[in-house]
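Visitor: Chains as they are written, first to last, in my numbering: chain A, 1 to 337; chain B, 1 to 337; chain C, 1 to 337; chain D, 1 to 337.
Hints may be right or wrong, so weigh each one.
[Unchecked claim] Here are a few chain D residues that sit away from chain B, every Cβ distance over 12 Å (derived from the structure):
1. G11
2. P50
3. E142
[What the hints assert, rightly or not] Result set (SDA-like, lysine to any residue): computed pairs, CA atoms no more than 25 Å apart in a straight line:
4. A:K93 <-> A:S244
5. C:K162 <-> C:D100
6. D:K162 <-> D:V51
7. B:K162 <-> B:A35
8. B:K162 <-> D:S244
9. D:K162 <-> B:S244
10. B:K107 <-> B:S301
11. A:K107 <-> A:S71
12. C:K162 <-> A:S244
13. A:K162 <-> C:D100
14. A:K93 <-> A:G220
15. D:K93 <-> D:K107
16. D:K162 <-> D:S244
17. C:K93 <-> C:D236
18. C:K162 <-> A:G220
[What the hints assert, rightly or not] Beta-carbon label-pair distances, calculated as ranges:
19. A:R245 <-> C:A263: 20 to 26 Å
20. A:E277 <-> B:P156: 31 to 37 Å
21. A:T74 <-> C:K162: 56 to 62 Å
22. D:N48 <-> C:A62: 22 to 28 Å
23. A:L298 <-> B:Q56: 46 to 52 Å
24. C:A264 <-> A:E277: 28 to 34 Å
25. A:E277 <-> B:R136: 39 to 45 Å
26. B:L298 <-> D:G203: 38 to 44 Å
27. B:S129 <-> D:S98: 47 to 53 Å
28. A:Q319 <-> C:S104: 38 to 44 Å
29. D:R163 <-> B:G324: 32 to 38 Å
30. C:A263 <-> A:E55: 54 to 60 Å
31. C:G113 <-> D:D296: 29 to 35 Å
Just so you know, the hints here were simulated from the structure itself, not pulled from any lab data. Fair warning: this is a prediction, and the values are worked out from it, not measured in the lab. Note that the Cβ used here is the ideal one computed from N, Cα and C, for glycine as well.
4 protein chains.
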Amino acid sequence: MAISVGLIGAGRIGALHGRNMVATAGVDLVGIADALPETAGALGLELNAPVRSAEQMIADPAIDAIVICSSTDTHADLIEAAACAGKAIFCEKPVDLSSDRIRSCLKIVETAGVPLMIGFNRRFDPHFSALRTRLRDGDIGEVEFLSIVGRDPMPPPLSYVKRSGGLFRDMMIHDFDMARFLLGEEFVEVHAVGSALIDPEIGQAGDVDTAAVMLKTASGKICQISNSRRSTYGYDQRVEVLGSRGMLQVQNLPESAILHAGAAGIQHGRHVEFFLERYADAYERELRHFFDCIRDSLPPSPTGNDGLRAQIIADAATQAAQTGHPQHLAEEAATGI
Amino acid sequence: MAISVGLIGAGRIGALHGRNMVATAGVDLVGIADALPETAGALGLELNAPVRSAEQMIADPAIDAIVICSSTDTHADLIEAAACAGKAIFCEKPVDLSSDRIRSCLKIVETAGVPLMIGFNRRFDPHFSALRTRLRDGDIGEVEFLSIVGRDPMPPPLSYVKRSGGLFRDMMIHDFDMARFLLGEEFVEVHAVGSALIDPEIGQAGDVDTAAVMLKTASGKICQISNSRRSTYGYDQRVEVLGSRGMLQVQNLPESAILHAGAAGIQHGRHVEFFLERYADAYERELRHFFDCIRDSLPPSPTGNDGLRAQIIADAATQAAQTGHPQHLAEEAATGI
Amino acid sequence: MAISVGLIGAGRIGALHGRNMVATAGVDLVGIADALPETAGALGLELNAPVRSAEQMIADPAIDAIVICSSTDTHADLIEAAACAGKAIFCEKPVDLSSDRIRSCLKIVETAGVPLMIGFNRRFDPHFSALRTRLRDGDIGEVEFLSIVGRDPMPPPLSYVKRSGGLFRDMMIHDFDMARFLLGEEFVEVHAVGSALIDPEIGQAGDVDTAAVMLKTASGKICQISNSRRSTYGYDQRVEVLGSRGMLQVQNLPESAILHAGAAGIQHGRHVEFFLERYADAYERELRHFFDCIRDSLPPSPTGNDGLRAQIIADAATQAAQTGHPQHLAEEAATGI
Amino acid sequence: MAISVGLIGAGRIGALHGRNMVATAGVDLVGIADALPETAGALGLELNAPVRSAEQMIADPAIDAIVICSSTDTHADLIEAAACAGKAIFCEKPVDLSSDRIRSCLKIVETAGVPLMIGFNRRFDPHFSALRTRLRDGDIGEVEFLSIVGRDPMPPPLSYVKRSGGLFRDMMIHDFDMARFLLGEEFVEVHAVGSALIDPEIGQAGDVDTAAVMLKTASGKICQISNSRRSTYGYDQRVEVLGSRGMLQVQNLPESAILHAGAAGIQHGRHVEFFLERYADAYERELRHFFDCIRDSLPPSPTGNDGLRAQIIADAATQAAQTGHPQHLAEEAATGI
């Protein structure tokens, strides 16, 4: 029996998930909704799926799962509606920009007892996922220090920046989740600094484009993250973990295996262009995990709580950068990261 | 109007091409033949295509193209039959182990005036194909020296070795084609040495497992190729070109972006496993080129003549290694390599 | 006319400088002092120089320059005595563990008008020095973000840790100086975290063995530094600078050009062993700069003020890590970094 | 008791050896001869050694060893004279361009019973020497295939080319010696091709500037060497060995640890400039070995026979390239390579 899925949101990420769904055996895409009917229509044409409204799909008892890729401000409401209708839910990060709203939303999901998975796709990247396995296997002994670098090729439009919740909630949130995923521990302390060095208008909008964070777990492990909204040499996504017995890195993926040597030196090509290329595998494996969990009646991961925890850290980092004061996080049990 | 295709041969490569075809828009796989009916049946089931005989498909006027992946000794006959029936033909390398047989076969194809493409898939690897473009663009000036390294993870079964035509015709033929493809010139001189160092039984079967070749073009360009049937560190496929203004390399593709540093040093993982993984893109792009050419009424490449030329070099290399005497090749116009 | 030099301190670093001096044309090592007479004697025998007391050498009008490599607690007094005697002075870092004591000492040096150079040897490493040149030349446009990683192969003896002033003053001080050297700006804000993860006894002694720092300049540039007292894969010394037009890294120096490929993957050897090997060139070029400055009557660099500034940052980092509160530094003119 | 040495030849290599000798404890440079008195005088001034004639030094019973760095055509005569005078002899490669002349010269050395070492300096490069040790230790199992790449930054002056004996005797001879050194076996078969692609005048002078060679040992091991007289990206010196259990490479040495990333890609700097920089360590260790052997009454290596064997291969390669016919080498016992 195939899993019937309704897709809400047909933008860049919705289209990506839609294409991955139609290529997945055992999954039927039975409807596409979007705030812009022509966007839904175009994707529906491509994927041979009817345009329907979100409400209609949530109300349809023949639909098993809802995949939410609409704009952030609609996520929590849609999750709640779908949960009450008994659907399995996959929702792009974040659940909401307010962690209080996330909490109330997750309570309803819990009461409904439906599976909810949050789209922290990088956990499904084969390299990061292999890294986590090697860390858990004790490949480098006890983990002591984690360093994450994330740099985008160029800043998003200012209009996007303004409603993004700021760099820590919009961009670094992926790294906060990755840090929790790799360390398997919760952070208790957040230090943050940020500057608007790339575009003064970003600063005037109250945001930063260059930022660094230090985090500490209760056991004393230290994590360092830095982000930049611009990288002329291409998308930069690196992770390094130092342990008592060695060090592991995930390096960038080169776009080409070609090396050129000339009078100016030895030159490798650029990295893979941006997140759609870099994380193409991850997006595919992420949805496959969601559907496999539905099929096997297992709880999917990352969970709503993972979404909440990352948001709490992002809030604290934003606060720390704005006030200049490190923030303390309530120590919670690190269960099932 | 979709292109109707009949697939002959449902082994490892036939299955690969079959899967690529069903994933290609505008191509209909309308029949699968194999000497072993159950092999054809299994693939037919997977790809939702009927099992039919080769003869039947060649005779069927509704079929536009034939893709030949059966055993080498059937290639020439099938090409001739399909040519006479007016089909567009894609055939895995080699056309035949005898270059005389290839010549007579190509004559029939020429008379029939049908498109024939030979499966030198590596030309379609994005890295090698980009290398050729950069060479043609004069990226390193005049090309002077070409070096190709090819090492398989482990020798094939002895039974395969015995009917393979020998290392130069079975394995190094890919490198001969690559050398012609990259240099755009024909070779006039072939020097070859070989040894059976990995498995003495390969030597007793009259073949070698470790070999090197030097080739020279009429203009004096030098090409060096080495092959080994064993590489404990994984599939090894490297090309290096030296020119008057610099050097270009295609390096191996790492399987993982993970680097491990420990007491023993700095360690990268292995290369991608073997040819099916290494050249997955190439296989896909190769067939796409074939179908694009049919659609646009353009001649596909590599041509039957490319298959013949590579075979002639492989024959000469075999002869050179066996006799200890370099072989001279009749100078032919290097047209359209 | 050769420069006559008295060497105070014949330990590991004193011996290194002594050997470099006798190999330098135009420099005469005319005396060696050490708290342990046999240590001075052994080095004197090796370098063919007489053992003399520090006082005697400082008082000797025939001596032009004093090189101070004795224990930290003697530096300030020796600098003052040598300054009053009109000598040119080279002193290993730090001038003192108290920045107040450094200030009073520098005042006396200023009054005496003698040249004083502080031994931040890494500035003279050819790679870091080339990096600074490229940054000043605008190679990557405007500098936005600096990241420094420093990891020692293993912690020093606990006895050393106890009188070291702590990781920030003993180990990270090199990175503070490097950061000022590369950015050419003063820092105004210091955030620090530290843990004792390698050896609990280091924690019981009030110090940390794993630490990270974030610094910010008045113009908003961000600097991130991390240190560990243990690196099983060898001495780790990396710098990365992100600018508006690109990125520059100084990578580790491999000990060997040998690469091994086997069933386990592709393996490079370890980095050069430790600071004496890694910075051998830097130590040599550092002293040469000192003597060149004396000969040409130019002020040597790094100056006493550079020593003071690095110490002030190290004090602030120590304070920040202990209290959990970021420290603000008085904004001073960044002159002549 | 110091070893008294007379240096014959004060050109580039003579000066290098002279400088290394005066820096070696236990060695006294007691005289310098050169065909050009002012060349000898300048070096004598620098190294504080008297100018003397070659004959006078060879006749002087107070001199223990003669280091010969004069022009090639004087080597054999000087070796014979020094041997008859009972001196230990170090001679730059080659002994002579004629292998018959080498044979007669070595007979006289053998009769005289004096130590003779030939300056194949690359054997003393720490990387190649470590490679040999790892091969002997069975690091990659049984060796099957060896590949050597040698490329000079630019061709020597045409006047030098004309009296050099040709590329195989002048440049590739180093690789022939390296191949014997690494494999520990003699070659029985030589195939060679060459072209003049860089400078037609080199071709008009009867030489080549681009060449490749294949060699085979009696046990079937295969060696591939390629040389070019031009490399725009710097001196290129690579060795790769394939064995039954893995592969070992000696890669080029980068001049700088700096990596630059920008819009054009990821760029490393050039390799170390040329042989004087690349093999500085090797030259030093080579002479140290010579003097250590004298001191310990041990036979130095590489021997006169090593010089002869490399020359025989170079002769055969020259012949093979000119005639187009592979050459067979008399199988000789591979003793003490």
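Visitor: Could one say that the CB atoms of A:R245 and C:A263 fall in the range 20 to 26 Å?
Guide: Given range 20 to 26 Å: holds, Cβ gap about 21 Å.
Visitor: Taken at face value, is the distance from the CA of B:A35 to the CA of B:K162 at most 25 Å?
Guide: 21 Å, holds
Visitor: Verify that the Cβ of D:G11 lies farther than 12 Å from every Cβ atom of chain B, and report whether the claim holds or is violated.
Guide: The assertion about D:G11 holds, with a minimum of 30 Å to chain B.
Visitor: A:K107 and A:S71: Cα distance at most 25 Å?
Guide: 21 Å, holds
Visitor: Does D:P50 really sit off the interface, with its C-beta more than 12 Å from all C-beta atoms of chain B?
Guide: 48 Å, holds
Visitor: Does the beta carbon distance between D:N48 and C:A62 stay inside 22 to 28 Å, or does it fall outside?
Guide: 26 Å, holds
Visitor: Holds or violated: C:K162 and A:G220, Cα atoms, limit 25 Å.
Guide: Status holds; Cα separation ~21 Å.
Visitor: Could you see if the CB distance from A:Q319 to C:S104 stays within 38 to 44 Å?
Guide: Given a distance of about 41 Å, which is inside 38 to 44 Å, the answer is holds.
Visitor: Evaluate the given range 56 to 62 Å for the C-beta pair formed by A:T74 and C:K162.
Guide: Roughly 59 Å apart at Cβ, these two residues keep to the hinted range, so it holds.
Visitor: How does the Cβ-Cβ distance of A:E277 and B:P156 compare with 31 to 37 Å: does it lie in that range?
Guide: 35 Å, holds
Visitor: That 47 to 53 Å hint for B:S129 and D:S98 (C-beta), does it hold up?
Guide: 50 Å, holds
Visitor: Between A:K93 and A:S244, does the CA-CA distance stay at or below 25 Å?
Guide: 34 Å, violated
When each numbered hint is compared with the structure, violations occur for hints 3, 4, 6, 13, 14, 16, 25 and 31.
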